[in-house]
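As they're listed, the protein sequences go chains A and B.
Note that the numbering used here numbers the first sequence so that position 56 is 57, with each residue one more than the last.
Note that the numbering used here numbers the second sequence so that position 43 is 54, with each residue one more than the last.
What the hints contain is simulated information worked out from the structure, not anything from laboratory work.
Heads up, a few of these hints could be off.
Said to hold, decoys possible - Within a straight-line C-alpha distance of at most 25 Å, the following computed DMTMM-like cross-link-like pairs (lysine to aspartate or glutamate) qualify: (1) K320/B x D373/B; (2) K124/A x D134/B; (3) K124/A x D755/B; (4) K70/A x D373/B.
To be verified - Per the computed footprint, the stretches of chain B lying under chain A, defined by three or more beta-carbons under 8 Å from a beta-carbon of chain A, are: (5) 701 to 711; (6) 745 to 753.
None of the values given here were measured: they were computed from a predicted structure.
Just so you know, even glycine gets a beta-carbon here, dropped at the ideal spot from N, CA and C.
Next come the chains, spelled out residue by residue.
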Amino acid sequence: MSARGFERLNDEGLVFNIQKFSIHDGPGIRTTVFMKGCSLQCKWCSNPESIKPYPEIMAFDIRCIGCGKCMQTCPVGAISFSEKGREIDWAKCTLCLECAWVCPAKAIECIGTYVTVDDVLKKVEEDSIFYQNSGGGMTVSGGEALLQWEFIRELFKRCRDRGIHTALDTTGNAPWRKIEKVLEHVDLVLYDCKHMDTRKHREGTGVGNELILKNAEKVALRVRTWLRIPLIPDYNDSEWNIRELAEFASRINVEKVSILPYNELGGSKYPKLGQAYRMEETAAPDVESLQKAKETIESRGLKAEIGR
Amino acid sequence: MKTPTATEVKDLNERIHLKSVRNVRRGQEVEEGIDIYRPGVKVCLERTRLLTESYKMTEGQSPMMRQARALERILLNMSLYIRDWEQIVGNYASNPDAVFWPIEQNWKSVHRLLHGEGKSLLDDEGRAELDEIVEYWDGKTVSDRRKKAFAGCPDLEKYWKYEGTMLWSQWSDQGVPNYEKVISIGLNGIIREAEGKLQEIRRTIPSDYNCQKEFLEAVTISLKATIEWARRYAEKARELAKSDKDQERKKQLEEIAEICEWVPANPVRTLHEALQSFIFTHIVRDQIEFITLGCGIRFDMVMNPFYKKDLKEGRITREKALELVKQTRLHLEELGQMYSPTLTQVYGGVQVLQSLVIGGVDSEGRDITNEMSYLILDSVLEMKTLQPSIALRVHDGTPKDLFVKAIDVIRTGVGYPSLQNDKALIPLLLKWGCPLEDARNYTISGCVYLDIQGKNILRRNSTYFSLPRCLWWALRQGIDPKTGEQYGAPTPDPTTFTSIEDVMDAYLEQVRFFMEKQVQVENVTRSVYAEYYPRPFASALTDGCIERGQDLRSWAYSGRVESFAIAVGPTNVADSLAAVKKFVFDEKKSPMAELIKIIDRNWEGREDLRQMMLSAPKFGNDDDYVDMIANEVHCRTEQVIEKFSDFCGSGFHLDGSAVSATYGLSLDTPATPDGRKDGEAFADGSLSPMPAADVSGPTAVLKSCSKVDTLQSYNYLLNQKFLPGFLEGENKEIFYNYLKSWADLGISHIQFNVVDKETLLDAQNHPEKHGGLVVRVAGYSAYFVDLSRGLQDHIIARTEQGFA
């Protein structure tokens, strides 16, 4: 990592996390590469740091040792200290990232690093032995990874060349000509679907579902596909929606459907980014509604599972 | 035989009185509010009394003869008991609640303990008797004789005392007897060998004829005494059978009598006899003759032929075999031993550190997995015990079914089986000079102690070695800052160091300096043992002793597997060196003088500097920057240790067992450059990353560990902590793949705590609700509630690996 801030070189991608030992993003033991930047704005997003397509800061107050280095270095005076501890005036912050570089305690971290395909590949290859033994591989997730389609296309290609299984976790909200190019090097797609009603889809994610559904159909024709449904109480868990999603999944012929129950874990990240969480009222779905959704999907002859 | 119900099994388990020693010391501090044993455990003086009587009667005779006669007197006169549930018998003290103290080793510690903080372990009458016995032994114990041998060498007396860098421990004999031989020819067969040798030397008259003759006679006396001891159990069983009204029990007792009349004297015929023979042999060799750590029988390999035969001939059912195996484990579970309060800092929660070994290959390299491998794991699923720990030897041919069964047992949280990797350990033993067939036949006697069945390996872990403290000395030129005394090696002024290599050299010089002192202490003690405390019984069960006419203490197995120093804190040394390399030498962010000054005041006022040192690459994240340094620390420390040897020419090695010393010794090591504060516990195993420093998940931990070259260093201990859900359902397959990868990576060891943090925290606050909660400390398991608060915290702090 370097202290370059926004400066991006041509062959670089913006990654905010590379997580080893991922076992819920495809078969076996996997490494998941999280690309930063998203074309959707899902209210329930559990990785809010994935949305902005540029590096930003995240503040971990609990780690702060009170040394004041961030305050001294901030060029716009956005950081102050009081008896309550360190405070950040997010409206003033220009995301110059200087505070993150000087903090000795990781109490302000820079989220998002520009890396080359080689950088990522080196990291991914470290766990090759685990992929071999478990039938695992690499999954690229986001954000919406397709926003950086050229980068991930190259990454997938180079992984495949090395015999590493490749999976793409996507919302599918991208032009088909780009998706098509990426899919050439993808073994499995984990395809997110939220709502069959485009109006509701726009309400929850900021975009309509037409392109997403159209692409899903094409993707499933080409590559082994698992459909993933984040189940958000009072948003997309109605009988109608689940039934429609199941019909759709069955029609486009996906291999299986995973229901991912909404959880509140992402909520604590929002204030760290200086943002408000809009889902305070929502609790995780209960076991019955998950089971019911699973049964509805199974009744269409599909393989279904409750994931996490 | 009726199958016992779950409650019966549970009851049986609970009837055993545990003698785990609690951790009452950390460094030189006392842990408050904890007794050294569970309530109800008492000290038994019977062995001490009989031993002393015999020693008084044999004044003037050779030490060899005195040892044999003492064993004989104990075995012929000690109290025997058979409890109403026992089908396998054998006791080591006069009652099931008792531990005893090997008075011939040292009287001072026991005297101090029983007159002080352990007063309740003995009544006043017993104390008066003990005082009398002590009067006799004053001047005659190993400690006294060692002290005499130190006379005129003030250096040895000085470095023998625990100061924080090294803890020397007297009773650390291990070694594994040739169980297969006892089982196949019986003690009578071995007596015939001894008599044959005696006849031979009467013809050849070797120059040490008298020595050999005494030894062979002592062997015969001790074997005959053991046969007689077993016969006394037969007598006892017949007596009980007469008065027992329960017909079923009457039959069992008569069966016990027949078995004890037959074994260990004669060749074993059935599984029941084999297990009884094993227990008799183990108790006499490892408890009564001489307090010994470990066990190490290759259980499935030794026991399965008899099980198979019994099954074929319709003598046994799987249920009955399960019951016998459980009873065998219970006999090991109830063995205990007394430790001095100082030693509890390294042995917190320990009983006798016994391991049984399953799986692996035979001397020809073939997989030995058999029915008994599964049966003993099933017996753990039915009944948890702390002892014996089970070590599963893994190689390319280990069946998946055995892995899966092992995962089921690990899932229960019992802390074992630990996994030992043939891929790493067989080449290591070959390098240490063991012939291929012996290396393939290796076993684990306790923790990660490498051993070979039947070979003359006493395997003494005599020293606990705080490596971070050596680094600390290296940053102080070996001068004690409190007294100004040149206590360690006079290494160069650290402010003149220009590269990490200079720091490494100074550290290694400190290691060499302290090891030299400890080796002298150990070797002086060994010669005292060899001269005054031979072991005719253990020698009889050790290959080569009778052929040579020589006690096992006066020679050693040709492979260098004899002498060990237990490495404590190598990860902290590696993390410290990486931090110094990065911030002092590479990035020049902190001058050495400043760093040392701030470490000296425990980082006070400079939390920012501590955070910076903490942010350096840490072992356990698959980061070459620090992993390569870790490899160097391990290998080069071992190279220094290897240069030392004992009087048999057998070289020293490091051993990775760690026990609870990672916690116990840490208090006496001030702050270290890795960001660790004064007195903070070290990383919890010899190969474990520092807790919470391994932030890249469990695969990265294994990758880091795999970069440490076992072949160039030693056998390691690696703890991992997982949430229970990770070993269940669909995840079980993933866990199996993870273990396969561990094996492929050639890491020597791994073991697991499977428990969530909430449970541990709750157990800390409500011990009454968690009496049965077992955790893995190091190479052994212990009840969580028996551990001191600090040691509990040490376990809670370990990084919890789970879902990503």
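Hints versus structure:
1. K320/B x D373/B: 20 Å, holds
2. K124/A x D134/B: 65 Å, violated
3. K124/A x D755/B: Roughly 19 Å separates the two Cα atoms, so the pair holds.
4. K70/A x D373/B: At roughly 63 Å apart (the allowed maximum being 25 Å), D373/B and K70/A break the hint.
5. 701 to 711: It holds, with 5 qualifying residues against the three required.
6. 745 to 753: n = 5 at 8 Å, threshold three: holds.
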